[in-house]
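Peer 1: With the hints as constraints, model all of the structure from the sequences given.
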Amino acid sequence: MLRYSPSELNAEVKDWTETYSHTTNASFFKDAIADLGGDTALIGLVGSSDLPGVTLRRAQSVLRWDRRPSLWSHAFLLTGGEDIREVTVHSRAGHFPEPNDNAITSATLAHYDHDPNVALLQVRMTPEEADAVAARATTSPNLERLRYDLFETLGFWQAYLWTRGTPNPLEQGVPLHSSALIEYCFEEIQLDLTPGANDRNSAPEHLWVGARWWSDAFGEFDRPITGRFVLRDIHCAVQNPGEK
56 MLRYSPSELN AEVKDWTETY SHTTNASFFK DAIADLGGDT ALIGLVGSSD
106 LPGVTLRRAQ SVLRWDRRPS LWSHAFLLTG GEDIREVTVH SRAGHFPEPN
156 DNAITSATLA HYDHDPNVAL LQVRMTPEEA DAVAARATTS PNLERLRYDL
206 FETLGFWQAY LWTRGTPNPL EQGVPLHSSA LIEYCFEEIQ LDLTPGANDR
256 NSAPEHLWVG ARWWSDAFGE FDRPITGRFV LRDIHCAVQN PGEK
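Residue 242 in the working numbering sits at position 187 of the sequence shown, and the numbers go up by one each step.
It is possible that part of the hints are untrue.
Claimed, not checked - Now the in silico label distances, taken between C-beta atoms and shown as ranges:
#1 298 x 275: 37 to 47 Å
#2 179 x 219: 38 to 48 Å
#3 293 x 117: 11 to 21 Å
#4 218 x 290: 23 to 33 Å
#5 182 x 122: 40 to 50 Å
#6 202 x 275: 21 to 31 Å
#7 218 x 294: 21 to 31 Å
#8 198 x 77: 38 to 48 Å
#9 77 x 274: 28 to 38 Å
#10 122 x 227: 14 to 24 Å
#11 121 x 294: 16 to 26 Å
Derived from the structure by calculation, the hints contain no laboratory data.
Glycine is no exception: its CB is placed at the ideal position from the N, C-alpha and C atoms.
Peer 2: Below, the structure written as structure tokens:
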């Protein structure tokens, strides 16, 4: 569940849907990175309409006051240019999540060119801090393995996606693997990105709500969040295989 925030809606997380609703995401990513002024340690959010994406979006309804599906199914970290690091059940880049890398795999923004909902979020940091945050995903995946065993977390969600009758991991206190990676990386600068969560079962929904509604809390630590987003599917409609 999400805690209530007394903050006003963060005006620095801007809706670009009208401009980019009929384009692929490549132009959005390019322009958003330029507008935000950097490509390292940006947080990416994706809301997919394939069966796994819709399942994960609906699973997060237990975190919302209105019990509606989340806009988001996945989160990733930009590590420079168009390169990203992520923890995902099905790598679109075709990489197996190795346990020795804590299930972190590489991909590029091009792998998310056709998903209906996309966002890029930026936390205020120095360039050196941004490099250190990105390094957790690229060269230091196991610093907090006891608290962030992303490989094991991935197993709970794979079972939920593939096996009927498996309880929602979020209701068992198991975080979504993709957002847990983001939390792990930003611990490098001692920043809790999910102040609205009442326990550690983080999800992309928490990252989104934090950026949109907890601006006062982040501002107190001189870590304001800015962002850009496009929403083409707010109703969580599932697509058939091959549809875009």
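Peer 1: Take the hints in turn and mark each one as holding or not.
Peer 2: To see whether the hints hold, each was checked on the structure:
no.	hint	verdict
1	298 x 275: 37 to 47 Å	44 Å, holds
2	179 x 219: 38 to 48 Å	44 Å, holds
3	293 x 117: 11 to 21 Å	19 Å, holds
4	218 x 290: 23 to 33 Å	26 Å, holds
5	182 x 122: 40 to 50 Å	41 Å, holds
6	202 x 275: 21 to 31 Å	25 Å, holds
7	218 x 294: 21 to 31 Å	22 Å, holds
8	198 x 77: 38 to 48 Å	43 Å, holds
9	77 x 274: 28 to 38 Å	35 Å, holds
10	122 x 227: 14 to 24 Å	18 Å, holds
11	121 x 294: 16 to 26 Å	23 Å, holds
Against the hints set out earlier in the document, no violation occurs for any number.
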